[in-house]
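Please assemble the complex out of the two chains, which come individually in their own frames, going by the hints.
Protein chains in written order, with our numbering: chain A, 19 to 500; chain B, 132 to 616.
Derived from the structure by calculation, the hints contain no laboratory data. Being a predicted model, the structure only gives us computed values, none of them experimental. Beta carbons: idealized from backbone N, C-alpha and C, even for Gly. Incorrect hints may have been included.
Stated by the list, open to error - Looking from chain A toward chain B, a few residues come up when the C-beta cut is under 7 Å (computed):
| hint | residue |
| --- | --- |
| 1 | Thr53 |
| 2 | Pro57 |
| 3 | Gly64 |
| 4 | Arg96 |
| 5 | Lys97 |
Unchecked claim - Okay, derived cross-link-like pairs now, EDC-like style, lysine to aspartate or glutamate, Cα gap no bigger than 16 Å in a straight line:
| hint | chain 1 | residue 1 | chain 2 | residue 2 |
| --- | --- | --- | --- | --- |
| 6 | A | Lys235 | A | Asp272 |
| 7 | B | Lys544 | B | Glu502 |
| 8 | B | Lys589 | B | Asp527 |
| 9 | B | Lys458 | A | Asp103 |
| 10 | B | Lys458 | A | Asp272 |
| 11 | A | Lys465 | A | Glu455 |
Unchecked claim - Stretch-level coverage of chain B by chain A, calculated; a stretch enters the list once three of its residues show a Cβ under 8 Å from a Cβ in chain A:
| hint | segment |
| --- | --- |
| 12 | 226 to 238 |
| 13 | 335 to 343 |
| 14 | 497 to 510 |
Here are the chains, one letter per residue:
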Amino acid sequence: MDYEVVIGLEVHAQLSTHSKIFCGCSTTFGAPPNTQTCPVCLGMPGVLPVLNRRVVECAIKTALACHGEVAPRCRFARKNYFYPDMPKNYQISQYDEPLVVGGHIEIPTPEGMKRIRLVRIHLEEDVGKSIHGENLDDPRASYVDFNRSGVPLMEIVSQPDLSSPDEAKLYLQRLRTIVQYLEVCDGNMEEGSFRCDANVSLRPRGAREYGTKVEIKNLNSFRNVQHALEYEVIRQTKALDAGEKLLQETRLWDTTRSVTRSMRSKEFAHDYRYFPEPDLVPLATTREWVEAIRRTLPELPDTRMQRLVAEYSIPAYDAGVLTSSKALADYYEACIKRYPKPKVVSNWMMVELLRALNRDGIEVEQSRIAPENLAELLELVDDGTISSTMAKTVFDAMYETGKAAAEIVQEKELRQISDENALVTAIEQVLANNPKEVSEFRAGREKLLSFFMGQVMKATQGKANPQAVNKLLRQKLAEKET
Amino acid sequence: MALHALTIHELQDLLGTREVSARDLTEAFYRRIAALDDRVHAYVTLTPEQAFEQADRADHRRQMGGSSPLLGIPLAIKDVICTEGIRTTCGSKILHNFVPPYDATVIEHLTAAGVIVLGKTNMDEFAMGSSTEHSASGITHNPWDLSAIPGGSSGGSAAAVAADECAAALGSDTGGSVRQPAACCGIVGLKPTYGRVSRYGLVAFASSLDQIGPMTKDVRDAALIMNVIGGNDPRDSTSAAMPMPDFTRALTGSAKGLRLGIPREYFVGGIDSEVERAVRTAVQVLEGVGATTTEVTLPHSKYGVAAYYILAPSEASSNLARYDGVKYGYRTPQWSNLRDMYMHTRDEGFGAEVKRRIMLGTYALSAGYYEAYYQKAQQVRTLILRDFEEAFRHVDVIVAPTAPTPAFKIGEKTDDPLQMYLSDVFTVPVNLAGLPGISVPCGFNSAGLPIGLQIIGKPFDEETILRVAHAFEQHTDYHRRKPPL
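One chain only, chain B, in its complex shape (with noise of 0.2 Å):
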């Protein structure tokens, strides 16, 4: 097989025994990337220049008797980490120009195993939105169906991976924006515990929900990423002190004994059938690999994108209240007073999807609305955690689709924002709850989109997801499939 389809541990294994150089690799990504980003459009920024000098220096540690799993593999970063050095936008035109004197703690980690940062992913701005049509940078494509949405906000790194344009990417999930996008391409998209992974240098979206999580093209490769980026950061106060286990030892293969969760609620109204279908044949493989299935209930998740679509506005109005024009990025050439440069910055810079939420939010806080919107939200939030902390009482691991429909068209959904919003139906109440999930390749709909697998589990218990993820790809080879490029 062509190097730019393998796994990271399949590259590790042909640059342990020399048969390629990290240099290898990183031309034929850039070779592909060449071949096909004209019709995916995945990356906003390539950096060639700065992938080869990391790419020699894996390559010279190997030498020296270095190795680690990651070391002299190429990665693709959603444009909403910080990179020093490298223009780090969020898919605004606010940011267009904004190069960061810093590295996010997961680059550093990164750069440290000796990885290779190919380039920037492109993102529904700000990480808002289900489908990568929100971007200052223009549209990403899904690899399956080029008039597709690769789904968002993580689309372009989504869509990279599915192209094998790239080893494995970071994606930032919010309320879905990992799992919705791996689902949509066919990839294993890894959202971990709220805290497991540091926050710093993650451009805030809403900061009690973002997560930055591995997207990949099976579970081994993002339980090896997970091993690098988890762990406490003392420059993120909300990053946990829990130990950090080494996630490979979790893939056993088998998920003997596992008790497995299935939500009622999931599988009600507005969910596609050909999902539905898939996700029940996933369970059954499960069952058939020594897993118990138990129906759970979770009767607050309803209200979970309501909950959302006023949580995560709020705090998105007050984190982009900083894109002023005073100091970094996009500043408005016409204007007379302070007031004016204000309102045109932010006008001009910002699109449609963004300032829509900043409206929401800053409306959700204002006085005399707060205890309706805001505080009444916190409070569902509180219960959808609840409700999961009783069905974790009877199950390991709850399983239940990624998204309600495969990926749909561009364009399709543009128009209404709230039929958009209900991508996000069943990946949304976890991150209110703070807890981990993972989409795995479960299967294709008649068109040959792909369709995803969420499995949802206790906090910081990343290890029981990855091992029954793990377990359904050894019976399964949805994760195998390339799309038609």
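So here's chain A without its partners, still in its complex pose (with noise of 0.2 Å):
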């Protein structure tokens, strides 16, 4: 039967704030465990939460630069279940009033912009990490690390308008650009900043009920959402068609074995027994302080990528890709700075620099390469110094090193040769090692120019000047004939 696809995804985004969401604690990723810790995020009997004012705040800029509506009041409330590395065992969360309703992130598909709605944006606080003691000194033991213990999450729930695990993806992207210019969130799924877990039902085409839903969770990459989903739409698919009856439930991505398998069925669901949190008092957010932040926010993803096609003149499409990621589009601007050649920079960056980072999946943040150095060696090949074959060795060896452009081209002695007396003698050493050729070339066999070029370039080891090659070889072609 012909299914349509129905996913929503709730993305946990972990704030970049220096402190925790209810102490003053350091919210430093790796330090060694339990040091970032205090009696408050461990739960301790009689220490009392205090709400951050900047976690506050980063969720509101979320909220403007997704068209989200600020409740002028909101509660806290309190998510009981039983964990050992949750310390209070109950987690500070909001429930039946959340800081922000609705909204909407504009997502490009092959059809064009397509509308995701959010149903909310709400505050929680982190649980600690449970660590087993396999490589610790008791295998039979467990661990507990508290240092993300009360680090602030900002949960954004879409509606379920998604149509496609493709569609996931890109608005998992979409959504954490927008967080990244915000500043409010590294997007770093790696390190569990920026997590999702998405639900999934399938319907008959045009059917207006919603099928059974099942939720997704450790969902810890791009590659992992969109293949999870794609997995999970065929299982349900598979099992819809063979007139099975799906499970309302909770399942894990097992990424070794690239399947979805059952966590928890509804009938063993938690209660989690909301209530709102006494030791809170209800939040109210005055029109004044929204306004105030709506003045600091940055430009936005959308903004900035109009501004790049006018100011820059490079098409849509390189501005789009560019502006993918705050990081990107600052390092396009930087290079641009020093090389003003915009078209230039956006192929080299679109072509050369994003495959290698995508081979080896990090981000632009992670490249060895400078944005000046990708300016200087541009700056090398206009000058004539080395060619655009030579280019990108010399790129890769930048990439790998670090290294400066003209450190490599020194080392390597990459230098281009465009000094005619060695190029004509180059030249005139393989004409004379390929009298037939010569002869053939002569009796209009123009094609075999390029065999003579490559010759020449493999006897220079590439590194003589194309264009001067051409041209003498032209000249030295012509002269013996007459």
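The following block contains the structure:
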């Protein structure tokens, strides 16, 4: 049967504040276990949470960027369940009175821009991390690291407006771009600062009722999101086609086996016993506060894309790619500043730089080529020091080593040979070695020019200036004829 | 009179003239404790080493010209208030070994004021109870009759003050836990307005109801302690940013022109006749010093206990979830997996009353029941508050019994939780409405057990209830009587 795919995403974005949501502890990632804790984030008896104002500002910024409505009054609630890495055995979250209601994000689909509506954005605290004893002294023991406990999270819940795994990925990328532009979240999926759960169901195309919803957890990369959803769509399609009834359940994406597997069904679903958090007073957000925050909003991806097109006359497609991350757009503009040929820079970034970064699965922030270094490389091509072919070799070396272009040109002796005397010697040698081809060329087989070119380049280890060789070869071949 | 029998302000006079030192006082109280506490069992932990250090520091401060109303005064602290480096058990096995690495805000304030902490006092486990019979550390006895309960949950603090085992004490009041034991032990107990005193470091029972309050030998002492422990605390979001008056200035000795409200519903059914007589007599005393009385009605108060026993256990079920054996406190020695560890730890660590309330609260918050119980109880709470607001349009304070009966016998109600819960029928509505209330001694029954008069005030108007209580005290001597120990 023909099914319509219905997907909604719940994204947890860790907010980039210096301190935690309800205490003054640092949020720095990777510190030794339990060194960034205090009685509050350890859930000790008698201590109380105090809301971090910056955390609220981050969520309001996001709300404004996504056209959501900031509630004038909202409340925190306790979500009760037992888990060893959750120190109070309840999580302070928001339930029926979230900070932000509604909003939307536009995503670029093959059919044009599509609007994905948001249900809400709310704030909550992160939990700690269980470490099982395999790699520590006692394989039967488990340990808990509470450094992450109380780190601020913003949960962004979409409407089930996504109709394919591709759209889900595009939505996630767009959302991440937005939070990165706002500098409210670093968007690092590997370190878990941008995490995603997906709700997916199928229904016969045209049906009004939603099908049975399955929640998928552990989607910690764009690739995982797409693969897990693709898998789940196929699984559900097969089950429905076979006349099976789907279970409303939570499934886990198993990255090693590339399957989703059942975690718990609805019968075993938690009853979280939400109730208003009595240790915090309702949060009031005044219009003045929201407007003051609005004035601090940076240039957002859509605006920046339009500006790049207008300012640098590059194609909209290029501008779209370059603004897909704030860091990439910053890189581009830093490069342009030193080397003001926008289209050349955009070509190099989109072809060479992004190819290498995607191959290695890293972000532009981790690139070892600084924007100034890329600009320098392009200058070396322009002034004839190296050919564009050589530039690609130099680029690869720069990417591997992080050294400057000039340094690599020096080291590898890649300086282009443009000196005519040196080239003439090489050309004469090549012509002398290939008399048969020379006579064929002179008999009219002009195609052989590229053969001679190749031989000369080979003789000069690729360093000959191609334009110069071309010119000199033609001269030499014509010379002998007369 | 012996040093241990004096009030804070009387001791302060002696300290001020250097007739005694803080060290002398500390020694006197520890001697008193050594002589009596085997029988009373007010304390669960004594901290002499630290107390003498504090005493010497206080004496030094005084020698350097320092003075403050609490400088060098030995106090007892209910074991639900966190004290850095001193075991804080909440009367529970589950926290039998818990030593907080932090002080509650009130302790910080008291320490800065130069107070000496003699030790931590017994209480019903996690402040759940009205008799101090539900403690992992055993039962506390009423100094007026050792076979009677001292009230609860701050029974240890009340007994320590009544038996002169400290100059004064701190208690906590969620549904009457300062006022009811104060009434049972013939002392003064003040529950401040919700938000007046920081809850930071007060181990939570029901967060929306809990308040720390002074338990003292007279009203002036309560005002002196309030001056130190009250005020806004950035570490407690529910503490109010209200101006802090000097509460002693309210103690004018007169109740002239004040309008007292007598709630009709508080004098019907279930109230002990001797209690009723004592309270009515007390009202006449107040009329005699210039107050006028009006009958008021608090029609929803009768639902107070029912609403309270939904809301307080609901919050408690969540607040007490952290005691799981993972991080601190008791952990069962026998377990084979995580679930097992949770179950045995909590089964062995909590007492029966605490478990009963955790189950009540868990039930009330469950999906499908939340609206019928928790939400309904919140609506009742709003109605109770409106009753008080309406009454306070006509009167300045409301006067009522603190408890329906004097102290009952140990063991009398342990098998009947509902009867036990009714001990708080007159105090619970005050917590639900977040109002300040004070209990002052207003007589004795024929068996010689103390009776308490409760004076309830408008939000953040502790001054008026202190003034009325003080005026009453000026014309009676109940607060000066001592138990026959």
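Hint check:
1. For threonine 53(A), the interface hint is violated, since its Cβ never comes within 7 Å of a Cβ in chain B; the closest pair sits about 15 Å apart.
2. Because the smallest distance between the Cβ of proline 57(A) and any Cβ of chain B comes to about 5 Å, under 7 Å, the interface hint for this residue holds.
3. Given the 7 Å rule on beta carbons, the hint for glycine 64(A) holds: about 4 Å separates it from the nearest Cβ of chain B.
4. Hint on arginine 96(A) holds. Least Cβ distance to chain B is approximately 5 Å, under the 7 Å limit.
5. At a threshold of 7 Å, the smallest CB-CB gap from lysine 97(A) to chain B is about 10 Å, leaving the interface hint violated.
6. At most 16 Å may separate the alpha-carbon atoms for a hinted pair to count; lysine 235(A) and aspartate 272(A) meet this at roughly 10 Å.
7. For the given pair, lysine 544(B) sits about 32 Å from glutamate 502(B) by alpha-carbon distance, which is inconsistent with the 16 Å threshold.
8. Taken as a hint, the lysine 589(B) and aspartate 527(B) pair is honoured in the structure, with Cα atoms around 7 Å apart against an allowance of 16 Å.
9. For a cut-off of 16 Å, the pair hint linking lysine 458(B) to aspartate 103(A) stands: about 10 Å separates their Cα positions.
10. Under the criterion of a C-alpha separation no larger than 16 Å, the hint pairing lysine 458(B) with aspartate 272(A) is inconsistent with the structure, at around 31 Å.
11. Among the hinted pairs, lysine 465(A) with glutamate 455(A) is consistent with the structure: their alpha-carbon atoms are about 10 Å apart, no more than 16 Å.
12. Three residues within the 8 Å Cβ limit are the bar, and the segment 226 to 238 of chain B against chain A gives 6, so the coverage statement holds.
13. Remark: the segment 335 to 343 of chain B is confirmed as covered by chain A, as 4 of its residues place a Cβ nearer than 8 Å to a Cβ of that chain, reaching the required three.
14. With 4 residues bearing a CB less than 8 Å from a CB of chain A, the segment 497 to 510 of chain B meets the requirement of three and the coverage assertion stands.
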